[in-house]
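A.B. asks: My request is simple: use the sequences and hints to build the entire structure.
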Amino acid sequence: MSSLAQKKGFGAVIWDYLTTVDHKKIAILYLISGGFFFLVGGLEAMMIRIQLMKAGNDFLSAGLYNEIITMHGTTMIFLAAMPLLLAFMNAVMPLQIGARDVAFPFLNSLGFWLFFFGGIFLNLSWFMGGAPDAGWTNYASLALASEGHGIDFYSLGLTISGFGTLIAGINFLVTIINMRAPGMTYMRMPLFTWTTFVASALILLAFPPLTIGLFFMVFDRLFGANFFAVNMGGNTIIWEHLFWIFGHPEVYILILPAFGIFSEIFAIFSRKRLFGYTALVFATILIGFYGFMVWAHHMFTVGLGPTANAVFALATMIIAVPTGIKIFNWLLTIWGGSISFTVPMVYAVAFIPSFVAGGVTGVMQAMAPLDYQLHDSYFIVAHFHYVIVGGVVLGILAGTHLYWPKMFGTMLSEKLGMITFWFFFIGFHLTFFIQHFLGLMGMPRRVYTFGADQGWDLFNMISSVGALFMAIGVLVLLVNVVLTTVKNVRVGNDPWGDGRTLEWAIPSPPPFYNFAQTPLVRGLDTYWIEKMEGNKEGMVYAEPLGDVHMPNGSIIPLIMSFGMFVAAFGALYFLDDTKPWALAVLIIGLGITFGSMLVRSLKDDLGFHITKEELIEDAKRGGNTDGLK
Amino acid sequence: MAHDTPEKIRSHAEHEYLKKKRSTEMRHQLTSFAIMIFLTLIAFTMVAAGFSAYLIVPIILLLAAVQVVLQLYHFMHLSNKGHGTVAFFMFSGMFVAFITVLALVTIVWW
Amino acid sequence: MDLNKRYTAQSWPDHPETATLEGKNKFVGFWLLLAAETVTFASLFATYLALKDRGPDGSEFTAAGLFELPLVFAMTMILLTSSLTSVYAMYHMKNHNFKAMQAWLGITVLLGLTFLGLEIYEFNHYVHLGFGYTTSAFSSAFFTLVGTHGAHVLFGLSWFIALMIRNSKRGLNMYNAPKFYLAALYWHFIDVVWVFIFTVVYLMGVIG
Ligand code: HEM
Ligand SMILES: [Cu+2]
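Chains as they are written, first to last, in my numbering: chain A, 42 to 670; chain B, 2 to 111; chain C, 1438 to 1645.
Please keep in mind that the hints were generated in silico from the structure rather than gathered at the bench.
Be aware that one or more of the hints could be misleading.
[Unchecked claim] Which chain A residues face chain B? A few, computed with CB under 10 Å, are given here:
1) Ile286
2) Met334
3) Ala337
C-beta atoms are modelled at their ideal positions from N, C-alpha and C, and glycine is treated no differently.
C.D. replies: As structure tokens, this is what we get:
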């Protein structure tokens, strides 16, 4: 097998990506599909802002408006933010710990395709009778009453993509636990690896309640179960609990990797070791832990009783403490550093005040009595956009610029990057800052229009203009990507010049086996240590050059996921009298999935070896002949 | 990475020792099993005998917990060497499991 | 990894399930999955407890009126015993005694099948009493919790059977040893869940 392939035709490249189990290529798949869904979600956002631009607008009907806000939130959280972060985790984490691949390359690919087909399934609702319209939180009392199949697209689609995410989480955890290079102790792991680790642990324990909740939703709506049907003894609060037991950890699943990216950026562009590395690590773990004990702060107004509200209010306020610790550590990392304001660094610096603003409103909402006023108003919308856009999205944009050279071997233009940044940053604050006041003035969230006599016109107009700014920023980023790809100016191992961790010690993009020889890690910021000691190669090695074992590619993950996709249609139409074929489709779909699973487990797949000679040959050509097996 | 493990052939004495160790371990497993059966019997008998629910419920829950510990530690070897990390995750899982059950039996607003 | 490599009891590693990196990865990954499964079942248990005995107005079905202990006792004993037989299978796996391992796995599978048969009988019985999946919130929660456990039993059995058939001719090697080990772990986990089911659902149900 193996052998280093030559230039490939277009079809071969496609086939290569459909069957790849290489974490770097899977990262690119996540980046492209996550980016696509980000644009879709962005389009939906623009439509919301157009509708709310003036009082009594009729750009969207009330029903369509509900579908659009639901799909906007769902798409952005599950199909854009998460996959984009998974893209960076895939691209960077294995390199940071000196591994040749992830622990389960096959499952890595399966995780991606499940997410992908789940996302497609969800979005097909637009063309097949209407999208879900009960909000991204899909509260059962609303969802059970929703007509058509929108809600079913939501529950089935998220079930499928949720499995994908769970698989990804397990895969990253095992990779970090088992595959760190010699010398890479836990307390020498780069912060992005640490946040990947904790976020994956949260995925592991938070996704099951969501899956079960969705499962109940599917069975209630499609198979006649009664979990939430109050007249049959059901209870809709169960959905709210299950959703938020997942939901609050989910916001940390999103923000922690963004914290990780920013931690890397602060250290690199301040040319300083992270201040308080240990504190940062423990703050991360603590956030992960507390993250599971605060979910009912989303349910203060449900009527759980004063005791429950008091307990959850206190727990919620406590969680702000480790977050604060992090903020101070970053500030002290910048302090006295020799700073270079590259695009990633500018994003990182802008992130701090933006995110702090979101944290402060969070603590305000954590006070249960105050939350009775704020709940379901635009104040809440302002809060979570401050943390999600000001934290997660800025992190993703920063990460895109920072890791683009590592993923594609070219540098995004700094000039265009700055333009994107300013449009996006100004637009972001313009859009959301004013929404705090709209909320305090009484504007409710998730209502499709407002009256001219309510005095909200001007602020809404300002908010909509801000959204336009953000859209322009994103378009400039797209232009940047196209220009960079066309120009195709290749860069070396460490294009930022100040890389500190292992990923910067190898070619951009790295060869498919990452490290010809497994590195030996001698401390935190291992590449920096080697650089400072004048080691030209940037690494010391833990083993002599020898044969390298690599996994085979496979099309089975795609087929398995496709089977689930087919089965979901069967389930969707199960109760429709006009669609007697639904059961057959369900069975065929599951047959495809389990059949390919069986094939996979019966056929031995032992991978292949790259010989030492091939490695030497490859190194002579620069070490990054892309698109090998 | 993932290289074949170099074959290690044990000496005869070592082999005999390991075999013996395993069979003692197997005997311990058998004891655990006997205890599990015994605990199950107690639980069922108590319910059949019809004691007060306030007495029975805590006791059978305790018995279940003991049984699970036996399964985890003896049958699934959770206490053995090299299980530290996975045990940590397993306990985190149990923690989340616990608060989930606690919430849904206390604050569902009936 | 060389599949054709022959081992003897003396060259067989002490912990074949974690002797290779693949094995170690599978081992850790599988335990993590079990942690996730713990939360999964907790969500089902929690829902069951919240919905226990709840139904539409005038619904007569309650746990106390429905469940009968003798059948549950038999099922419990069978599943517990099958946990022990799979321990025996792993004992022989570690001693590199393939035939004995297969035999004990065979017994485990038979016990598992009996358990499953009894469960189907039980469900069928309830349905005949008019207590179906869609009867009430209680019935949905009950069948989903116990049925999910049953589905796990079914999956565990299929896994054992697939492994036994696939490897019947080639015996134990470093590639399949971790798989046997994990299937056995899975089986124990199923038993752990059942311990809670018979305690929380049936015993506490009968008490009322
Ligand atoms: C300082 C830490 C934080 C605190 C104290 C906090 C507190 C809260 C509270 C109490 C609510 C419920 C408000 C209501 O609906 O009445 C809320 C909503 C929300 N928070 Fe936070 N939060 C924090 C950080 C974050 C982070 C980091 C994120 C995401 C990255 C986030 C995302 C959200 C979202 C999405 C919602 C709204 C959910 C919805 O109803 O659709 N929060 N937050
Ligand atoms: Cu929250």
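A.B. asks: List, from low to high, the hint numbers that the structure doesn't satisfy.
C.D. replies: none
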